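K.L.:
Residue numbers (my numbering), protein chains in the order written: chain A, 1 to 487; chain B, 1001 to 1094; chain C, 2001 to 2475.
Think of the hints as simulated: they come from the structure by calculation, not from any bench.
Computed from a predicted model, the values in this text were never measured in an experiment.
Hints should not be assumed to be uniformly reliable.
As the list claims (entries may be wrong) - Simulated crosslink set (SDA-like; lysine to any residue; CA at most 20 angstroms straight-line):
id, chain 1, residue 1, chain 2, residue 2
1, C, LYS2072, B, LEU1056
2, A, LYS376, A, LYS386
3, C, LYS2340, C, LYS2386
4, B, LYS1024, A, ASP417
5, C, LYS2281, B, VAL1058
6, C, LYS2053, B, VAL1061
7, C, LYS2358, C, ASP2327
Said to hold, decoys possible - DEER-style ranges, computed between Cβ atoms:
id, chain 1, residue 1, chain 2, residue 2, range
8, B, SER1059, C, LYS2376, 55 to 63 angstroms
9, B, LEU1083, C, LEU2294, 41 to 49 angstroms
10, B, SER1059, C, ALA2032, 33 to 41 angstroms
11, A, ASP341, B, LEU1083, 14 to 22 angstroms
12, A, GLY98, B, PRO1071, 16 to 24 angstroms
13, C, HIS2170, B, SER1020, 33 to 41 angstroms
14, C, PHE2258, A, PRO300, 55 to 63 angstroms
Even glycine gets a Cβ: it sits at the ideal position worked out from N, Cα and C.
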Amino acid sequence: MSLYSKTAVELIGLLNKKEISSRDIVSSVFQRIEQVDTKINAFIYTDKENALKKADEIDKKRVNAEPLGLLGGVPVVLKSNLCCFTWPVSCASKILKGYNCAYTATSVEKLLREDAVPIGYANMDEFAMGSSCENSAFGVTRNPWNTDCIPGGSSGGSAAAVAADETILALGSDTGGSIRQPASLCGVVGLKPTYGRVSRFGLVAYASSLDQIGTLTKTVADNALLLKVISGHDCSDSTSIDRKVPDYPAYLNNSIKGLKIGIPKEYFVDGMDNEVEESVKKSIKTFEGQGAVPVEISLPHTDYAVACYYIIATAEASANLARFDGIRYGARSPQAENLIDLYEKTKSDGFGQEVKRRILLGTYVLSSGYYEAYYKKAQKVRTLIKNDFDTVFKKVDCILTPTSPTPAFKIGEKTNDPLKMYLSDIFTISLNLAGLPGISIPGGFTQSGLPIGMQLAGRPFEEEVILNAAYSFEKNTLFHTTKPTLS
Amino acid sequence: MSFTEKDVDYVANLSRISLSDEEKKNFTVQLEQILKYVEKLNRLNTDNIEPTAHILPVSNVFRDDVAKICPTTRFAVEQSALLVDGLFGVPRVI
Amino acid sequence: MEFEPVIGLEVHVQLKTKSKLFCSCATEFGAAPNSQVCPVCLGHPGVLPVLNKQALDYAVLCGLALNCSISKFSKFDRKNYFYPDLPKNYQVSQFDKPICGKGKITFLINGNEKTIGITRAHLEEDAGKLVHSETGAESGVDFNRTGIPLLEIVSEPDLRTPEEAYMYLHMIKNIIEYLGVSDCNMEEGSLRCDANVSIRPKGQEKFGTKVEIKNMNSFRNVQKALAYELERQEDEILGGGIIVQETRLWDADKNQTFSMRTKEEAHDYRYFPEPDLVPVKLDENYIKSLENQLPELPFDRMNRFTKEYTLTGYDAQVLTSSREIADYYEECANLTDDYKAVSNWVQSELLREINEKKISIKESKVTPSKLTDMLKLIQKGVISGKIAKIVFHEIMRSGKDAEQIVKEKGLVQISNPDELKNIVEKVIKDNKKIVDDYKGGKEKSFMFLVGQVMKATQGKANPQLVTKMLKEAIG
Ligand SMILES: [Mg+2]
Ligand SMILES: [Zn+2]
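Kindly produce the complete structure, drawing on both the sequences and the hints.
P.N.:
As structure tokens, then:
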């Protein structure tokens, strides 16, 4: 088996036994990228030269028996909204053309400190706005399981790269499901941590009160390891929480006997794909087999989450994206005659349709006369949604739901119907509104061979609980071992 | 509340985005549809509910007043497409 | 019809922190363009703000000094608008929960006390500076100033005359300088002021349409701009016109305000809570600890000066107009009991000298002890007031003691009649006609004779003695 198809935990084992070198892994991954990425288009940018250089440095350290970081030589792809000094962070937008990061995100800094090897930038929906990876100035990313299908979004490139073995680990960001939904659609493990667990410093903001950086990996064990590396308090992010980071991998083998898993009745509604529903029901049985106790619960405000989200997220986005005006960095319209012209031409040329749509919506819900009716109202509903979870978490330890109401859909299927697209995040959005951690794990396949994902949500700062449950499930299933054929 | 092309013009102007006629038409229809969808929030009585701006109860995060030299100032400034004598160039104002 | 002006001022004060409000860049004035910037204050993608604790402390200190209520809970908001000096195209400011709530300040105007309400004072980040070249097609932006902490102090529309506005500004500046939290230098932009002006028929409750005036770069200009604007509004109304709500700029060269005449801008700032900053919660202990740091403030100090040193209101006002001057005065007052003389010397010679030399009172070589030592020489009759001026300037120049200067320069007053006898006689002999004039009733002529004696002794003669001897000699 080629190195690129292994997990981080496996590779670190081999590295420690000195059977392979970091250079071997990085070379193997780049060989894979060169081989399959023309089909997938998961990458926007690669930095092979520096990746190999970094791998050699790590190998040298290993030979000299110098202390090595937790991820000594393991390749990671970054979502294209994470800053890495001198890299051309683009957010998959034309508007950042020519911009090279002037600093490094805290999460990336932490990766580097643990000797991970960043290999490049993954494709995404422009500014993380989308659920299909179709809103990219760099072309659509395709689902490795069926290249006619979307990989999900917005971290579609990160998920597809992991699924296609084009990387070992990936970072993504999740504002309304942008890690979990593509993880689900690509059959990989994707975790969105509690809001405040991972520093957002260096994550190009979409909706600041909802954004969180998270992890996409082939297995739960890899996910626990990567999460441990990027978590923790950061003085540069006022909203990152000063709280001890648990040793996530150490929790994985705990028994889940007696673990109370809430099954929210509101998540099994009309319009949900049959195969998805079936596979969730089977998963409940699997958990039960390991001693977990399913408990029916109610999250009565579930139906309002999407509406609430699209008001809050777009409002914040309308301010966050105002800075892209061509003056200090990025694309600048050359034909501008005056100041207003410069703003308008730069933005109109630079932003794609979905981004414009959300900026306009966000501007509207904040504008004079509408603030109370929309923005303030949504903030209040956000409180209700959070209260739902507070109540439920007094009774259960975690919550099991489908990640996405449908498996991967066809490219182009929903591009003309934004509302329909928005509803594909219906199961993931609530967790962002409530700030809770959630993980999507492979939970089955459709008849046509598309992955189906399962979401586990936990209490704030209890990532280890959902990782433990996810690991237990993974150990007792084979979904994660099946790979897409990319001939 | 109905959402019209005039509203699109207003928010497009506020957000400094100029729109083609086709965009204007599409956005009017789509935003109206989305706004109609979010009206469902009005079914909820939220009179005595506090709005949530921050999901976690954190307050008083400060830094000490220490000036530091940024090592990447030059690199950051040079990202501009138009620098004139060390200043960021913009079309003449006033 | 008689009109009543209604004026409110918005004062922006740059707080003198070492680093910016939300990033660690230095705040020094006059650095090379865009040298004190970083990804955070340039608004690069992905950056986040972290609040400077010192700026918060300063803001609270100012609030306390302005008798404001200090909010137990405050938060930051984004104010959205596009302008090239605003890197993020929104300003982090405070909307509905400012750090300082209602307050008031009191000052003297023409000898009367006047109290003006403060609506609020809030923290926000400063914008960059636009540089306009005379010829080029481009303007340039310098972001060094971006992110420097500003305290925006909003007054109630309580001001009724341009002069009151002028005095209000002085008092604000005074108070903040006392706290030592800002340079309050209008020329360097560390204090800026916008005004809202309207007029209404006397007796009417409802406010008239207000006009905002910007671009005034001195307190005098604020006063002039207000005076101009009030007249303009009155003329407009009396001529049958109406006042349009607008922003007008003051042109100091032309001495008039003019409309900005921009394309009608919707002022829709879309304020909403800044999600990147967490709320600020202040407890009683914290507020107490800052209260304890408050110095005696100018108005209180002025009142104390009038009582303790039996000064006139005017003198006390001048002497307390800066903390340094007041400290200096008090140090002198501890060394002498001739409070009036100290007051005169400080207000005339000392302030004139340091203003001319553009130095601070602390840099002056005339220390309180040197000044009071000199005053003692006058008291003792060793030198005359006139000679003292020479001595004063010599202290100013060399920093030597008054006594030493008097000795070295031989400036001791001649109070011995024997030494003056010959001179007095010679003056009478040489000025026969003038002596006759005096005898004929021309009082002025006598002063001339005194002057001649003083001249002959290089000012050293004791004037009282000269008068006495001349009178005796002329008979
Ligand atoms: Mg302001
Ligand atoms: Zn800075």
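K.L.:
Run every hint past the structure and note whether it holds.
P.N.:
We went through each hint and held it up to the structure:
1. C:LYS2072 <-> B:LEU1056: 19 angstroms, holds
2. A:LYS376 <-> A:LYS386: The given pair, whose Cα atoms are some 15 angstroms apart, holds under the 20 angstroms limit.
3. C:LYS2340 <-> C:LYS2386: The hint holds at about 17 angstroms.
4. B:LYS1024 <-> A:ASP417: Distance of about 16 angstroms is within 20 angstroms: holds.
5. C:LYS2281 <-> B:VAL1058: Since the Cα atoms of LYS2281 of chain C and VAL1058 of chain B sit roughly 10 angstroms apart, the hinted pair holds (cutoff 20 angstroms).
6. C:LYS2053 <-> B:VAL1061: 9 angstroms, holds
7. C:LYS2358 <-> C:ASP2327: Holds, because 19 angstroms separates the two Cα atoms, which is no more than 20 angstroms.
8. B:SER1059 <-> C:LYS2376: 55 to 63 angstroms: Taking Cβ atoms as reference, SER1059 of chain B and LYS2376 of chain C lie about 59 angstroms apart, which means the hint holds.
9. B:LEU1083 <-> C:LEU2294: 41 to 49 angstroms: Since LEU1083 of chain B and LEU2294 of chain C have Cβ atoms about 46 angstroms apart, the given range 41 to 49 angstroms holds.
10. B:SER1059 <-> C:ALA2032: 33 to 41 angstroms: At 38 angstroms between Cβs, range holds.
11. A:ASP341 <-> B:LEU1083: 14 to 22 angstroms: Hint holds: Cβ distance 20 angstroms, inside 14 to 22 angstroms.
12. A:GLY98 <-> B:PRO1071: 16 to 24 angstroms: 22 angstroms, holds
13. C:HIS2170 <-> B:SER1020: 33 to 41 angstroms: 55 angstroms, violated
14. C:PHE2258 <-> A:PRO300: 55 to 63 angstroms: 60 angstroms, holds
In this structure, only the earlier hint numbered 13 is contradicted, and the remaining ones agree with it.
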